[in-house]
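Engineer: Chain by chain, the residues:
2 protein chains.
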Amino acid sequence: MRLITREIDYAIRALSFMAQNNHNSNVITVSELVRKLKTPRPFLRKILQILNKKGLLHSSKGTGGGFRLVRSPGEISLNDLVTIFHGRPKFNKCVFNKKICPDIRTCPLKKKIENIEQYVMTELKAITLASLLPKAKNEKRGHYARISQ
Amino acid sequence: MRLITREIDYAIRALSFMAQNNHNSNVITVSELVRKLKTPRPFLRKILQILNKKGLLHSSKGTGGGFRLVRSPGEISLNDLVTIFHGRPKFNKCVFNKKICPDIRTCPLKKKIENIEQYVMTELKAITLASLLPKAKNEKRGHYARISQ
DNA sequence: TACAATGATACCAAATTAGTATCATTTGTC
DNA sequence: GACAAATGATACTAATTTGGTATCATTGTA
Numbered sequence: 000m001r002l003i004t005r006e007i008d009y010a011i012r013a014l015s016f017m018a019q020n021n022h023n024s025n026v027i028t029v030s031e032l033v034r035k036l037k038t039p040r041p042f043l044r045k046i047l048q049i050l051n052k053k054g055l056l057h058s059s060k061g062t063g064g065g066f067r068l069v070r071s072p073g074e075i076s077l078n079d080l081v082t083i084f085h086g087r088p089k090f091n092k093c094v095f096n097k098k099i100c101p102d103i104r105t106c107p108l109k110k111k112i113e114n115i116e117q118y119v120m121t122e123l124k125a126i127t128l129a130s131l132l133p134k135a136k137n138e139k140r141g142h143y144a145r146i147s148q
Numbered sequence: 000m001r002l003i004t005r006e007i008d009y010a011i012r013a014l015s016f017m018a019q020n021n022h023n024s025n026v027i028t029v030s031e032l033v034r035k036l037k038t039p040r041p042f043l044r045k046i047l048q049i050l051n052k053k054g055l056l057h058s059s060k061g062t063g064g065g066f067r068l069v070r071s072p073g074e075i076s077l078n079d080l081v082t083i084f085h086g087r088p089k090f091n092k093c094v095f096n097k098k099i100c101p102d103i104r105t106c107p108l109k110k111k112i113e114n115i116e117q118y119v120m121t122e123l124k125a126i127t128l129a130s131l132l133p134k135a136k137n138e139k140r141g142h143y144a145r146i147s148q
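The listed protein sequences correspond, in order, to chains A and B. Position 42 of the first sequence, counting from 1, maps to 41 under numbering that gives the first Met the number 0, and the rest follow consecutively. Position 70 of the second sequence, counting from 1, maps to 69 under numbering that gives the first Met the number 0, and the rest follow consecutively.
Think of the hints as simulated: they come from the structure by calculation, not from any bench. Among these hints, one or two may not hold up.
Copies of the same chain look alike in the list, so a pair counts if it fits in one copy or across any two.
Straight-line C-alpha distance at most 25 Å; calculated DSS-like pairs for lysine-lysine [claimed, not checked]:
| no. | residue 1 | residue 2 |
| --- | --- | --- |
| 1 | 124 | 110 |
| 2 | 37 | 92 |
| 3 | 109 | 37 |
| 4 | 98 | 109 |
| 5 | 52 | 110 |
| 6 | 124 | 53 |
| 7 | 97 | 53 |
| 8 | 89 | 110 |
| 9 | 35 | 98 |
| 10 | 97 | 35 |
| 11 | 60 | 111 |
| 12 | 124 | 92 |
| 13 | 134 | 110 |
| 14 | 45 | 97 |
| 15 | 89 | 52 |
| 16 | 124 | 52 |
| 17 | 60 | 110 |
| 18 | 52 | 98 |
For clarity, every value in this text was computed on a predicted model and none was experimentally measured.
Take these sequences, add in the hints, and give me the full structure.
Structural biologist: Structure (structure tokens):
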């Protein structure tokens, strides 16, 4: 029943870090991210590869290579990430099966649940990476991607 | 990412059937339910035992025994069922871990996700068993628990 | 006492989530 | 060109959750 799994959580943290450290449009390596985020290296690597394939990151190989954020933080939403890693949210695993359910088209539960899904998607779209970042340098309010040290 | 898993789906169907067939306050047996709902018998049995323990059903043993709905269909909500089988909905599996996340109390993601959870719970409370049942005998609109034959 | 029901509980299987390991490819530097 | 430093691709493994089975105990009725 989790919407934000670890994959997604790590993805957000990595993207947030990159958003805050894209000075000189430098690339950031997996090694750097692992040092900062303390996540398991091969797992993070896999996640970054997916984000690259889906167009959120650009990657470059070889010495001096790494990843670079392609979109601006305001253009990346939680809905994007959830969709990338799990597909469109589906809250009910309908057992459609003529023996049990006479007609999927008239199922009142389906409709009600779909309305909830729709609302959730709208809310997730509104949560952008930008909205999770700190507002100002010396502001004390916590934020998702603050890295200790 | 499923809110309504099979367990819950079967539970709703069983409760709906019982709500529509409580004439003479007769009990309904697992055998009857399995015949009507075509669900796996031992699995349904387990589900009914849970609903009994949680107070939605009353059970009686021995010959002529079975289950009986305790609450009225208007007093049973999807939120009750989700809570019984999965606990309070939690959409993010926060990796709180001082290495990664400096302070759980100020996490902006947590707050935003909790707001969504709160909304979903409110909506689930509004979906009662009664709201899934057919409105009138010869109404054609589909409903969740109509049993074929 | 036999039988028909549920209670309790331990187990098993499938699916999903989390993570590892390894080899191939690309690119910069000496 | 050799080597090192990076990602690409991909197959494998481990842990957790979900879906389901099996079995024996208990209770109530004829």
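Engineer: Take the hints in turn and mark each one as holding or not.
Structural biologist: Quick rundown of the hints versus the structure:
1. 124 x 110: both (21 Å within a copy, 16 Å between copies)
2. 37 x 92: between (35 Å within a copy, 17 Å between copies)
3. 109 x 37: Close across copies (20 Å), not inside one copy (41 Å); limit 25 Å.
4. 98 x 109: within (17 Å within a copy, 42 Å between copies)
5. 52 x 110: neither (34 Å within a copy, 30 Å between copies)
6. 124 x 53: within (17 Å within a copy, 37 Å between copies)
7. 97 x 53: Classified as neither; 37 Å inside a copy, 30 Å across copies.
8. 89 x 110: both (12 Å within a copy, 22 Å between copies)
9. 35 x 98: between (54 Å within a copy, 9 Å between copies)
10. 97 x 35: between (53 Å within a copy, 12 Å between copies)
11. 60 x 111: neither (48 Å within a copy, 36 Å between copies)
12. 124 x 92: both (23 Å within a copy, 19 Å between copies)
13. 134 x 110: Only across copies: residue 134 and residue 110 sit 16 Å apart there, 39 Å inside one copy, limit 25 Å.
14. 45 x 97: The answer is between: 23 Å across copies meets 25 Å, while 40 Å in one copy does not.
15. 89 x 52: For residue 89 and residue 52, only the intra-copy Cα distance (23 Å) is at most 25 Å; the inter-copy one is 29 Å.
16. 124 x 52: Classified as within: same-chain Cα gap 20 Å, cross-chain 40 Å, threshold 25 Å.
17. 60 x 110: neither (47 Å within a copy, 38 Å between copies)
18. 52 x 98: This pair counts as neither: shortest intra-copy Cα distance 41 Å, inter-copy 29 Å.
Violated hints, in rising order: 5, 7, 11, 17 and 18; the structure is consistent with all others.
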